Structure formats: structure tokens, C-alpha cells
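With the hints as extra help, turn the sequences into a complete structure.
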Amino acid sequence: DFSALYLRKIAAEFADDLDKVREAPDFKASSVPMLIHALKQGETLFSGEERRRVVGAASK
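Those letters in the sequence shown? Residues 1 to 60, per full-length UniProt numbering, in order.
Quick caveat, the hints were computed from the structure, so don't treat them as lab data.
Where hints are given, some of them may not hold.
Taking CB as the label site, the calculated pair distances span [as the list claims (entries may be wrong)]:
1. A57 with A29: 29 to 37 Å
2. D26 with S59: 33 to 41 Å
3. A29 with S59: 32 to 40 Å
4. A11 with G56: 27 to 35 Å
5. S31 with K60: 33 to 41 Å
6. A57 with A15: 16 to 24 Å
The calculated EDC-like cross-link candidates involving lysine to aspartate or glutamate, where the alpha carbons are at most 20 Å apart (straight line), are [to be verified]:
7. K60 with E50
8. K40 with E13
9. K60 with E49
10. K40 with D16
11. K40 with D19
12. K9 with E50
13. K9 with E43
14. K28 with D16
15. K40 with D17
16. K28 with E43
17. K40 with E50
18. K28 with D17
19. K40 with D1
20. K9 with E49
21. K60 with D16
None of the values given here were measured: they were computed from a predicted structure.
For every residue, glycine included, the Cβ atom is placed at its ideal position computed from N, Cα and C.
See below:
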């Protein structure tokens with residue numbers, strides 16, 4: 001689904017930055033849901049049609 005594809009792409013694109021965040025001394029396991037929520041906010045920039053196209057292209 002689009003959410004999974006989007007999160008995988010974002011994680012790959014920002015891998016170095018995400019590693020720095022995870023290595024921060026104040027990062028805890030309880031921070032993971034908040035980080036995921038923040039990353040998922042970018043999904044709202046895509047229309048339903050754009051989401052369908054992305055999912056369709058990924059399934060080919």
C-alpha cells in the first residue's frame with residue numbers, strides 16, 4: 001500500500017539523517033512512534049490519484 005511504499009522511500013532517502021536521530025543521546029524506544037508519525041505526515045501531500053499511480057507503478 002502507499003503508506004508502506006512512502007515510508008520505505010523516505011527511510012532510504014533520509015537514512016543518514018535518521019541514523020543521526022537514532023544515535024542521539026535523548027532518543028528512546030518511546031520516540032519511535034513519534035518519529036514514524038512525523039515521517040508519515042508527508043503522505044498528505046499526495047492526492048488519491050497520485051497514491052494510486054505510485055502503488056500501480058510499484059506493482060508492475
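So, going through the hints one by one against the coordinates:
no. : hint                     : in the structure
1   : A57 with A29: 29 to 37 Å : 35 Å, holds
2   : D26 with S59: 33 to 41 Å : 40 Å, holds
3   : A29 with S59: 32 to 40 Å : 33 Å, holds
4   : A11 with G56: 27 to 35 Å : 22 Å, violated
5   : S31 with K60: 33 to 41 Å : 36 Å, holds
6   : A57 with A15: 16 to 24 Å : 22 Å, holds
7   : K60 with E50             : 16 Å, holds
8   : K40 with E13             : 14 Å, holds
9   : K60 with E49             : 17 Å, holds
10  : K40 with D16             : 18 Å, holds
11  : K40 with D19             : 17 Å, holds
12  : K9 with E50              : 15 Å, holds
13  : K9 with E43              : 11 Å, holds
14  : K28 with D16             : 18 Å, holds
15  : K40 with D17             : 16 Å, holds
16  : K28 with E43             : 25 Å, violated
17  : K40 with E50             : 16 Å, holds
18  : K28 with D17             : 16 Å, holds
19  : K40 with D1              : 13 Å, holds
20  : K9 with E49              : 18 Å, holds
21  : K60 with D16             : 29 Å, violated
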